[in-house]
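Engineer: Listed here are the chains, written in short residue letters.
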Amino acid sequence: MKRILLLISIVALGLNVAAQGESNAQLNTADVLMQKEGKLTIGGYGQIDYNQPLNSDVRSNGKLDVHRLVMMFGYKFNERTQFITELEFEHVKEVYVEQAFLDYKFNEYIHFRGGLLLIPMGIINQYHEPTTFNGVERPIIDGYISPTTWREIGAGFAGNVKEASLKYQLYVVNGFNGYADNSAKLNGKKGFRSGRQKGAESFMSSPNLTARIDYYGIKGLTLGLSGYVGKSQSDLYNGIDKDDDMAKAKADSSSVGLSMIGLDARYRLGGLALRGQYYYSSISNADEYNAFTGKDLGDSMTGFYIEAAYNILHSIETTKSELIPFIRYQAFNTHASVGKGMVKNEAYKNHEIAFGLGWKMSKGAMLKADMQFLKAKNADDYKKTLNLGVAVWF
Amino acid sequence: MLAWGSGKFSKSAEKKIDKVIKKMWADTKIEKSIINLSDIEIPDDINIDRKKVYKVTTNSNSTFLCILSKAKGRFDYFEYVVIIDKDLNIINTKILVYNSSHGYEICNKRWLKQFNGSVKVFNYGKNIDAVSGATYSGESITTDINTINQIAKHLKDKALI
Numbered sequence: 001m002k003r004i005l006l007l008i009s010i011v012a013l014g015l016n017v018a019a020q021g022e023s024n025a026q027l028n029t030a031d032v033l034m035q036k037e038g039k040l041t042i043g044g045y046g047q048i049d050y051n052q053p054l055n056s057d058v059r060s061n062g063k064l065d066v067h068r069l070v071m072m073f074g075y076k077f078n079e080r081t082q083f084i085t086e087l088e089f090e091h092v093k094e095v096y097v098e099q100a101f102l103d104y105k106f107n108e109y110i111h112f113r114g115g116l117l118l119i120p121m122g123i124i125n126q127y128h129e130p131t132t133f134n135g136v137e138r139p140i141i142d143g144y145i146s147p148t149t150w151r152e153i154g155a156g157f158a159g160n161v162k163e164a165s166l167k168y169q170l171y172v173v174n175g176f177n178g179y180a181d182n183s184a185k186l187n188g189k190k191g192f193r194s195g196r197q198k199g200a201e202s203f204m205s206s207p208n209l210t211a212r213i214d215y216y217g218i219k220g221l222t223l224g225l226s227g228y229v230g231k232s233q234s235d236l237y238n239g240i241d242k243d244d245d246m247a248k249a250k251a252d253s254s255s256v257g258l259s260m261i262g263l264d265a266r267y268r269l270g271g272l273a274l275r276g277q278y279y280y281s282s283i284s285n286a287d288e289y290n291a292f293t294g295k296d297l298g299d300s301m302t303g304f305y306i307e308a309a310y311n312i313l314h315s316i317e318t319t320k321s322e323l324i325p326f327i328r329y330q331a332f333n334t335h336a337s338v339g340k341g342m343v344k345n346e347a348y349k350n351h352e353i354a355f356g357l358g359w360k361m362s363k364g365a366m367l368k369a370d371m372q373f374l375k376a377k378n379a380d381d382y383k384k385t386l387n388l389g390v391a392v393w394f
Numbered sequence: 395m396l397a398w399g400s401g402k403f404s405k406s407a408e409k410k411i412d413k414v415i416k417k418m419w420a421d422t423k424i425e426k427s428i429i430n431l432s433d434i435e436i437p438d439d440i441n442i443d444r445k446k447v448y449k450v451t452t453n454s455n456s457t458f459l460c461i462l463s464k465a466k467g468r469f470d471y472f473e474y475v476v477i478i479d480k481d482l483n484i485i486n487t488k489i490l491v492y493n494s495s496h497g498y499e500i501c502n503k504r505w506l507k508q509f510n511g512s513v514k515v516f517n518y519g520k521n522i523d524a525v526s527g528a529t530y531s532g533e534s535i536t537t538d539i540n541t542i543n544q545i546a547k548h549l550k551d552k553a554l555i
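These protein sequence lines are chains Z and P, in that order.
Under this note's numbering, the first residue of the first sequence carries the number 1, and numbering increases by one thereafter.
Under this note's numbering, the first residue of the second sequence carries the number 395, and numbering increases by one thereafter.
Calculated directly from the structure, the hints in this document are not laboratory data.
In this text, a Cβ means the ideal position worked out from N, Cα and C, and glycines have one as well.
Careful, some of the hints might be misleading.
[As the list claims (entries may be wrong)] Here chain Z is said to cover these stretches of chain P; the calculated rule only asks that three of the stretch's residues, wherever they fall, bring their Cβ under 8 Å from a Cβ of chain Z:
1. 462–472
2. 489–503
3. 510–520
4. 524–530
[To be verified] Taking lysine to any residue and the SDA-like style, the derived pairs with C-alpha atoms no more than 20 Å apart in a straight line are:
5. K426/P <-> N483/P
6. K405/P <-> I110/Z
7. K189/Z <-> K250/Z
8. K507/P <-> L269/Z
9. K320/Z <-> V515/P
10. K488/P <-> E163/Z
11. K250/Z <-> G230/Z
12. K409/P <-> P437/P
13. K363/Z <-> D523/P
With these hints in hand, go ahead and build the complete structure from the sequences.
Structural biologist: Laid out in structure tokens, this is it:
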């Protein structure tokens, strides 16, 4: 609670500085310095959601949730050195740090980064502010296949080669917690989601590697290619004698290898916005992991979505607000392939159609409404959910 | 130390301006002189912060304005140049230094070409296409170029070009 109060007071102080700047009120030297140089950037985003399952036979309670409320701070120490962080309240009562990294610019082509980093996988993990995507909830594949918001502690390099219209990121990061305290975290249904360590007293038995390239050379189009390789972490490696083959073999059974690629495209032309995302994850050693832990992790997972949206107020010059109907189709399977002797769970193979409407009254403020129709392969009917949401970003 | 966010521009940006000019007028001899905005009476509603204006004269005696500017994306400033002819048409816009890893999509040459042509008020998301992933930078440069157009118009009114 103390932490929360402290955080709120920091935020209030920050907002105060910003507000004073606008009103030209009397400022002390520190205030003047901060806003004149613009060293401190304060922002935030939030989404407040209402999810109502709809079923003609069964009554279902709706869920009302302050899903995410995030305060962002950027501080520029000098021309080359910057610190960026996002502090998140999730479901009101959970506090997380979503990113916290130091960025040092050697030159435009090479920045060093270290700290709690977003894994550069896919669109949503990097652009998760709720006014930047359509629909109240993030696409399901950005929960089960790429477990957004996916972040771990690490370090590496990023840069922009604008002559070639390319941006790159390359980081060594900590991997998923696959096994700790006699408990296995990875499973067939949600893949690696429960294994995220989020930089919270995380432990590492072997580092992972992730990279991404963005190409933005064609007007309106951004193409991204992401990659991730590494082994999941296991606390059974800790303290074992390096000559103890038995213990090492046991630890090996508690860890899997993950190789993942993500391909994405975003295209905008006038009021039209199209985007697509594809993920493929290959998992090695899943057989042994499942035998050791009793879990049902598959050998590979896939997922994709395609989405079209159009701002119907685009041609009206006098308004800056946007009214955006959208439709999205997505399909995913966390049991795309499974080990020998294992049967694919058809409940893990799903497709979904979602459509809805967003009203952006301003760049950073949006009301959303949509319907989701989700069907597992072994289900007779579509699961229907009505979602309504408030989304802000400033 | 160069003051971040101040009206000073990086050496790298200044150097790159000369490159841009050389590329545009490869065969001509160019004269470049500073127009000091603080020496000119400019209405208060035109914000001249973080702007530096050069007048460029080619050996065929054509004159151009070359306006260097700093605008801010989500967390960081970027430096860019706009080149404007005597009739106030923008003929080239180029990002010189882009620091942040967010919003870099505005460096795209084809996107920047949207600003070329006769003076009009630019409106991000309307007559200037919105860019995925560059909401802040895209809006910021659009607003900033509108200011640059106002400055250019004022300089023409004062017969400085």
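Engineer: The structure should be examined with respect to each hint, and the outcome stated for every one.
Structural biologist: Tested hints:
no.	hint	result
1	462–472	holds (count 5)
2	489–503	holds (count 9)
3	510–520	holds (count 3)
4	524–530	holds (count 5)
5	K426/P <-> N483/P	holds (19 Å)
6	K405/P <-> I110/Z	holds (18 Å)
7	K189/Z <-> K250/Z	violated (24 Å)
8	K507/P <-> L269/Z	holds (15 Å)
9	K320/Z <-> V515/P	holds (14 Å)
10	K488/P <-> E163/Z	holds (11 Å)
11	K250/Z <-> G230/Z	holds (18 Å)
12	K409/P <-> P437/P	violated (30 Å)
13	K363/Z <-> D523/P	holds (14 Å)
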